[in-house]
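Engineer: Sequence:
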Amino acid sequence: MTSDSTARCRTIRPPRPSAAGMPTATRRAAALSTLALSAPVLLAACGTSGPAEPAGTITVTATDWSGWRTPSPSPPTSGTASSASTPDGPTEVELPASEGASVDVETLTGELTITVTDVDDDEVELETSQGMSLKGEGGISLTDVPDEFTLAAGETLALSTPTMDAGTTVELTWEQPGATS
1 MTSDSTARCR TIRPPRPSAA GMPTATRRAA ALSTLALSAP VLLAACGTSG
51 PAEPAGTITV TATDWSGWRT PSPSPPTSGT ASSASTPDGP TEVELPASEG
101 ASVDVETLTG ELTITVTDVD DDEVELETSQ GMSLKGEGGI SLTDVPDEFT
151 LAAGETLALS TPTMDAGTTV ELTWEQPGAT S
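For what it's worth, full-length UniProt numbering labels the leading residue of the sequence shown as 1, then goes sequentially.
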């Protein structure tokens, strides 16, 4: 392979069988068997390089909240995802479900980077740049604030900044290609 990201193919030719004294049919059979045996070598020499296709997308929805005012949008600042912010509602961005992909989302407590660290058939592992609280029916925890999370396919993971009077809720949903809702 070369040092750049393009694949270069090199033909590897096996030694030719001796044709002296062989009938034409035998020479053809020998040539075909040699070609069949060398096909995997030829195909391996022409491998492709580059990133793997993402295993779907993770929809990231960030909503600011406060006990004192109505929610306001929190626009993403940068990352490897596209964004679509609305002027008076939550911010939604698409994050490719591929290892190493990340997106930055602005929260009331500062910029939050969400990074995909591993992708399996039925779950994605994520890491956040700041501790986030799992949001459940009983509210949030202000002391148990991990920065690593597992998101199952087709489910929504709700996280919140560990704050009391105002903060940001981040919901993540992973949709796999070909999955039906």
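Read the hints as simulated data drawn from the structure, not as lab findings.
Hints may contain errors.
[Unchecked claim] Straight-line C-alpha distance at most 20 Å; calculated EDC-like pairs for lysine to aspartate or glutamate: (1) K135 - D120; (2) K135 - E148; (3) K135 - E123; (4) K135 - E92; (5) K135 - E155; (6) K135 - D165; (7) K135 - E171; (8) K135 - D121; (9) K135 - E99; (10) K135 - D64.
Values in this document were obtained by computation on a predicted structure and should not be read as measured data.
Engineer: Would the hint linking K135 and D120 be met if the CA-CA limit is 20 Å?
Structural biologist: Violated - the C-alpha atoms of D120 and K135 are around 24 Å apart, more than 20 Å.
Engineer: Does E155 lie within 20 Å of K135 when you go C-alpha to C-alpha?
Structural biologist: Holds, at about 14 Å.
Engineer: Given the hint that K135 pairs with E148, does the C-alpha gap stay at or below 20 Å?
Structural biologist: Distance of about 14 Å is within 20 Å: holds.
Engineer: For the pair supplied as a hint, K135 and E92, is the alpha-carbon distance within the 20 Å limit?
Structural biologist: holds (18 Å)
Engineer: Below or equal to 20 Å on CA atoms is what counts here, so check K135 against E99.
Structural biologist: The hint is violated at about 25 Å.
Engineer: Holds or violated: are the alpha carbons of K135 and D165 at most 20 Å from each other?
Structural biologist: Status holds; Cα separation ~15 Å.
Engineer: Between the alpha carbons of K135 and E171, is the straight-line distance 20 Å or under?
Structural biologist: holds (9 Å)
Engineer: Compare the distance between the alpha carbons of K135 and D121 with 20 Å, and conclude whether the hinted pair is satisfied.
Structural biologist: Violated, because 25 Å separates the two Cα atoms, which is more than 20 Å.
Engineer: Compare the distance between the alpha carbons of K135 and D64 with 20 Å, and conclude whether the hinted pair is satisfied.
Structural biologist: holds (14 Å)
Engineer: Please work out if K135 and E123 have their alpha carbons no farther apart than 20 Å.
Structural biologist: holds (19 Å)
Comparing the model with each numbered hint stated earlier shows that hints 1, 8, 9 do not hold.
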